[in-house]
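*Asks:* Sequence:
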Amino acid sequence: MSDPDFYRAFEDRHRGSRALIKSRVKVYLPFLYPLKDLYPDSSILDLGCGRGEWLELLREEGFTAHGVDQDAGMLSACTALGLSVEQGDALAALQKLPRASQIVVSGFHIAEHVPFPMLQEMVQEALRVLKPAGLLILETPNAENLVVGSSSFYLDPTHQRPLPPLLLSFLTEYTGFLRNKIVRLQESPELAAGKTPVSLLQVLAGVSPDYAVVAQKEAAAKKLKSFDALFDRQYGLTLEDLAMRYEASLRAETIRELKPKRRKPTAKAASDAQDAPGK
0 MSDPDFYRAF
10 EDRHRGSRAL
20 IKSRVKVYLP
30 FLYPLKDLYP
40 DSSILDLGCG
50 RGEWLELLRE
60 EGFTAHGVDQ
70 DAGMLSACTA
80 LGLSVEQGDA
90 LAALQKLPRA
100 SQIVVSGFHI
110 AEHVPFPMLQ
120 EMVQEALRVL
130 KPAGLLILET
140 PNAENLVVGS
150 SSFYLDPTHQ
160 RPLPPLLLSF
170 LTEYTGFLRN
180 KIVRLQESPE
190 LAAGKTPVSL
200 LQVLAGVSPD
210 YAVVAQKEAA
220 AKKLKSFDAL
230 FDRQYGLTLE
240 DLAMRYEASL
250 RAETIRELKP
260 KRRKPTAKAA
270 SDAQDAPGK
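At position 83 of the sequence shown (counting the first as 1) the number is 82 in numbering that gives the first Met the number 0, and the numbers step up by one without a gap.
Hints may be right or wrong, so weigh each one.
Stated by the list, open to error - Label-pair restraints from in silico Cβ distances:
| id | residue 1 | residue 2 | range |
| --- | --- | --- | --- |
| 1 | 227 | 251 | 22 to 30 Å |
| 2 | 8 | 256 | 49 to 57 Å |
| 3 | 250 | 187 | 47 to 55 Å |
| 4 | 59 | 116 | 30 to 38 Å |
| 5 | 99 | 119 | 16 to 24 Å |
By construction, these hints were calculated from the structure, which means they are not laboratory data.
Keep in mind that this is a model prediction, so the values were computed, not measured.
Ideal Cβ placement from N, Cα and C applies to all residues, glycine included.
Modelling step: build the complete structure from the supplied sequences, incorporating the hints.
*Replies:* Following this line, the structure appears as structure tokens:
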């Protein structure tokens, strides 16, 4: 952008505070801990690192991480924290890395900013630079959430187009990753618990507003075993989940309305019953 400070100000207003984003990305740490055991001294590359929340968390967790971003205004937050970053193009940063040199390539809310052919190249290059069992993490807005897909996605003037989860997961599969997992994120904990009826508004806006595809490179079975439980789990809320719960609540309400209501007998009716023959 021509104004170097605009996007930083926009992110601060609409993305959320650094503290909030840093707390959210902790959800990925369980995927990384087995890699730390496999490759104690290996590196992580974060594409579109922005204000550096993820890089800061990785440093605190003992990982060696480097970030790249084109926006100088965003990178100013990283340099103020002494994080390892560079200003540049994400694809170019991947292309200059040696084969099998990284344990993780991550990109938080970058996939929706680039043309799809470039995204394909980025995924291909990520597969090349990852070590066996290494992970690609791509987080993006979730168009399954109808409010996100039809409205809030377009609030960001640099967004290209929404990426449905099945498209992004297929891209990693087609490129050659061994397996992937759609991790739906940021849904309401109360709604996810499923203890209350679902309203129409929740069907429209309650689906997990973000998701990530976590894709893993092929490796020996013994290296992959410690990740199995993470890839077997189900994460977040889908549109189908909430629509089915909404329909169930409508059916239950209809049944309650159609069910005959038992009336309490009046005093006269009770007296007539007592006086009836045979009583």
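*Asks:* State for each hint whether it applies.
*Replies:* Here's how the hints hold up against the structure:
For the hinted restraint 22 to 30 Å between residue 227 and residue 251, the CB-CB distance of approximately 38 Å leaves it violated. For residue 8 and residue 256, the hinted distance range of 49 to 57 Å is satisfied, since their beta carbons lie about 52 Å from each other. For the pair residue 250 and residue 187, the supplied restraint of 47 to 55 Å is violated, since their beta-carbon distance comes to about 23 Å. The given range of 30 to 38 Å is respected by residue 59 and residue 116, whose C-beta atoms sit roughly 36 Å from each other.
Checked against the hint of 16 to 24 Å, the C-beta distance between residue 99 and residue 119 comes to roughly 20 Å, which is consistent with it.
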